[in-house]
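2 protein chains.
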Amino acid sequence: MTLKSLGLITVAAICLAAAVVPALVAGQPGRASPIYGVTVPEGYRQWQMIGVAEEAEPLNELRAVLGNATAIDAYRTKQLPFPDGTVLVKLAWKRVQSTEFEPASVPSAATTVQVMVKDANKYAATGGWGFGRFVNGEPVDEAQHQTCFACHQARVSGHDYVFTRYAP
Amino acid sequence: MTLKSLGLITVAAICLAAAVVPALVAGQPGRASPIYGVTVPEGYRQWQMIGVAEEAEPLNELRAVLGNATAIDAYRTKQLPFPDGTVLVKLAWKRVQSTEFEPASVPSAATTVQVMVKDANKYAATGGWGFGRFVNGEPVDEAQHQTCFACHQARVSGHDYVFTRYAP
Numbered sequence: 001m002t003l004k005s006l007g008l009i010t011v012a013a014i015c016l017a018a019a020v021v022p023a024l025v026a027g028q029p030g031r032a033s034p035i036y037g038v039t040v041p042e043g044y045r046q047w048q049m050i051g052v053a054e055e056a057e058p059l060n061e062l063r064a065v066l067g068n069a070t071a072i073d074a075y076r077t078k079q080l081p082f083p084d085g086t087v088l089v090k091l092a093w094k095r096v097q098s099t100e101f102e103p104a105s106v107p108s109a110a111t112t113v114q115v116m117v118k119d120a121n122k123y124a125a126t127g128g129w130g131f132g133r134f135v136n137g138e139p140v141d142e143a144q145h146q147t148c149f150a151c152h153q154a155r156v157s158g159h160d161y162v163f164t165r166y167a168p
Numbered sequence: 001m002t003l004k005s006l007g008l009i010t011v012a013a014i015c016l017a018a019a020v021v022p023a024l025v026a027g028q029p030g031r032a033s034p035i036y037g038v039t040v041p042e043g044y045r046q047w048q049m050i051g052v053a054e055e056a057e058p059l060n061e062l063r064a065v066l067g068n069a070t071a072i073d074a075y076r077t078k079q080l081p082f083p084d085g086t087v088l089v090k091l092a093w094k095r096v097q098s099t100e101f102e103p104a105s106v107p108s109a110a111t112t113v114q115v116m117v118k119d120a121n122k123y124a125a126t127g128g129w130g131f132g133r134f135v136n137g138e139p140v141d142e143a144q145h146q147t148c149f150a151c152h153q154a155r156v157s158g159h160d161y162v163f164t165r166y167a168p
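Protein chains in written order, with full-length UniProt numbering: chain A, 1 to 168; chain B, 1 to 168.
Excised from the complex, chain A in its bound form:
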């Protein structure tokens, strides 16, 4: 082996490491949701905001829904149904009164991260959507996942089973 080939191997190893390490560190692929096999998407916290919400007691939460580029484009161009590849992520936090400005309430501890993934073929039995509900990055049990679609179907079938609208 020449020095040059050793150098090339070193460069290749560095490139491989650079390609692999982010997947191991930032990816945190975590476990997939039961029934649907949905995971928490990498980098979702950098996605654009679709809307926000408040959830009354007993949950008492503030929420924000972020979307990947496909989702954002679909909302902006009012596409219904949402195209395959749409991913929506709802972040939720306990709602607490601000100690700095009394009329305001603000996010406290994160509670759940909830994900919807559109794939009309894969999830044909549930309106084209796969669901994932995660607490501390881990999916909740199958029983909880069995409630997702029934509620979306009963309440927002006219909006392709999605509650959240785009907040102007």
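Please keep in mind that the hints were generated in silico from the structure rather than gathered at the bench.
This structure is a prediction, so every number in the text was calculated from the model and none was measured.
The list cannot tell twin chains apart, which means a pair is met if one copy fits it or any two copies do.
Okay, derived cross-link-like pairs now, DMTMM-like style, lysine to aspartate or glutamate, Cα gap no bigger than 25 Å in a straight line: (1) K90 with E55; (2) K78 with E100; (3) K94 with E57.
We have chain A already, so just place chain B on it with the hints.
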């Protein structure tokens, strides 16, 4: 004038139009805030989300705070004070009960857009921050803008005069 030069002029005109039109359409530069000369930044609705909040009666609003790349980087790396070039935009909407899921309340009409711009030299008299409060894209009056810094100074001087924290 030759056909070729005419073609070049046409291309130049198209390029000029392409460069100018977005500024006229999406830019909507609008009027600047009194005292500070702050405007609503172009493209802010595509910025990343920092956090959300609820404001009690009488305002009864849901809010989201978005930040430009400088702001997001400062929050992620816990930089205080925020660096020059930080821009924060708070969007606010009337809060209404969801008609589709009763425990939830969701955004209705947009009310105000509020902007903070960091420039330590330009705004030295107000903690390095310029303020803008806009209704329907138009800045509110000078009297309202005179209240901004006093409140931020009284309540969050220990967080570089910024209320909003990064929601995980």
